[in-house]
Amino acid sequence: GQSLEQPSEVTAVEGAIVQINCTYQTSGFYGLSWYQQHDGGAPTFLSYNALDGLEETGRFSSFLSRSDSYGYLLLQELQMKDSASYFCAVRSDTGRRALTFGSGTRLQVQP
Amino acid sequence: NAGVTQTPKFQVLKTGQSMTLQCAQDMNHEYMSWYRQDPGMGLRLIHYSVGAGITDQGEVPNGYNVSRSTTEDFPLRLLSAAPSQTSVYFCASSPAGLAKNIQYFGAGTRLSVL
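Quick mapping for you: the protein sequence lines, in order, are chains A and B. Under the numbering used here, think of the first position of the first sequence as 1, with each following residue one higher. Under the numbering used here, think of the first position of the second sequence as 1, with each following residue one higher.
One should not assume that every hint holds.
What the hints assert, rightly or not - With beta-carbon atoms standing in for the labels, derived distance ranges:
| id | chain 1 | residue 1 | chain 2 | residue 2 | range |
| --- | --- | --- | --- | --- | --- |
| 1 | B | Ala2 | A | Gly40 | 16 to 22 Å |
| 2 | A | Gln108 | B | Met41 | 14 to 20 Å |
| 3 | A | Tyr30 | B | Gly53 | 23 to 29 Å |
| 4 | B | Val60 | A | Asp39 | 22 to 28 Å |
| 5 | A | Ser65 | B | Val12 | 31 to 37 Å |
| 6 | B | Gly16 | A | Glu77 | 50 to 56 Å |
| 7 | A | Glu9 | B | Gln57 | 31 to 37 Å |
| 8 | B | Ser67 | A | Glu9 | 37 to 43 Å |
| 9 | B | Arg110 | A | Glu55 | 40 to 46 Å |
| 10 | A | Gln108 | B | Leu114 | 28 to 34 Å |
| 11 | B | Glu30 | A | Thr11 | 21 to 27 Å |
| 12 | B | Lys9 | A | Ser27 | 35 to 41 Å |
Unchecked claim - Calculated Cβ distances over 10 Å to all of chain B for the following chain A residues:
| id | residue |
| --- | --- |
| 13 | Ala12 |
| 14 | Glu56 |
| 15 | Ala98 |
What the hints assert, rightly or not - Covered by chain A, per the in silico footprint, the following chain B stretches (three or more residues, Cβ under 8 Å):
| id | stretch |
| --- | --- |
| 16 | 59–70 |
| 17 | 103–111 |
Quick caveat, the hints were computed from the structure, so don't treat them as lab data. Keep in mind that this is a model prediction, so the values were computed, not measured. Yeah, the Cβ is synthetic: ideal placement off N, Cα and C, and Gly gets one too.
When you get a sec, could you build the whole thing from the sequences and use the hints?
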């Protein structure tokens with residue numbers, strides 16, 4: 001089966017850098033995605049890695065190591081609005097283009 | 001740009017009642033899916049559809065039915081609501097062929113079953 005492991009909670013201060021790790025197990029790998037979800041909101045797409053290395057999108061970067069089944073999301077210059085839950089996800093074994101999500105990491109940004 | 005629209009936003013049901021959660025998208029996406037999210041957990045796939053007339057089960061399909069008569073609409077039917085179905089339900093759509101497999105989510109339906 002598939003599984004994704006990520007820390008349940010991370011706390012950081014405004015302006016700092018935080019890294020959210022994700023390890024995964026899946027039979028077929030089609031890339032690692034990251035989604036952000038604010039309380040009461042819908043998940044929104046942040047980043048995607050199909051190949052090893054770093055992808056940068058503004059203040060957010062995502063890294064993938066396929067040999068280690070590991071990735072991380074890096075958030076720089078943290079802002080209060082970055083307080084949210086962050087989910088890593090891989091393509092589901094059961095649902096073709098559907099995703100299997102990790103349990104999420106709740107990021108609290110403190111002033 | 002409406003994107004993915006879910007109705008209702010909130011619903012309270014009694015055990016044994018049935019209801020349909022509506023989902024519509026205006027992006028002409030072939031792929032649609034339903035997830036449920038329980039407190040402190042990730043999203044779990046209930047059912048999905050790869051196009052009009054084609055549906056299949058996901059990870060947690062029991063107690064739910066779906067149909068896909070048009071590209072735009074993908075309703076989720078609760079046959080006989082149970083307290084275990086209290087959850088937040090998200091509908092998502094995705095265009096075919098996009099390598100990034102970006103899922104576009106609706107705002108969710110918050111369902112309580114008493």
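Cross-check of the supplied hints:
1. B/Ala2 x A/Gly40: 16 to 22 Å: holds, 20 Å
2. A/Gln108 x B/Met41: 14 to 20 Å: holds, 18 Å
3. A/Tyr30 x B/Gly53: 23 to 29 Å: holds, 25 Å
4. B/Val60 x A/Asp39: 22 to 28 Å: With a Cβ separation near 23 Å, B/Val60 and A/Asp39 satisfy 22 to 28 Å, so the hint holds.
5. A/Ser65 x B/Val12: 31 to 37 Å: Taking Cβ atoms as reference, A/Ser65 and B/Val12 lie about 46 Å apart, which means the hint is violated.
6. B/Gly16 x A/Glu77: 50 to 56 Å: Given range 50 to 56 Å: holds, Cβ gap about 52 Å.
7. A/Glu9 x B/Gln57: 31 to 37 Å: With a Cβ separation near 33 Å, A/Glu9 and B/Gln57 satisfy 31 to 37 Å, so the hint holds.
8. B/Ser67 x A/Glu9: 37 to 43 Å: holds, 39 Å
9. B/Arg110 x A/Glu55: 40 to 46 Å: violated, 33 Å
10. A/Gln108 x B/Leu114: 28 to 34 Å: With Cβ atoms ~32 Å apart, the hint holds.
11. B/Glu30 x A/Thr11: 21 to 27 Å: violated, 41 Å
12. B/Lys9 x A/Ser27: 35 to 41 Å: Given a distance of about 37 Å, which is inside 35 to 41 Å, the answer is holds.
13. Ala12: holds, 20 Å
14. Glu56: Correct as stated: the minimum Cβ-Cβ distance to chain B is 15 Å, above 10 Å.
15. Ala98: Non-interface label on A/Ala98 violated, nearest chain B Cβ at 5 Å vs cutoff 10 Å.
16. 59–70: violated (count 1)
17. 103–111: holds (count 6)
Of the hints listed earlier, those the structure fails to meet are numbers 5, 9, 11, 15, 16, in rising order.
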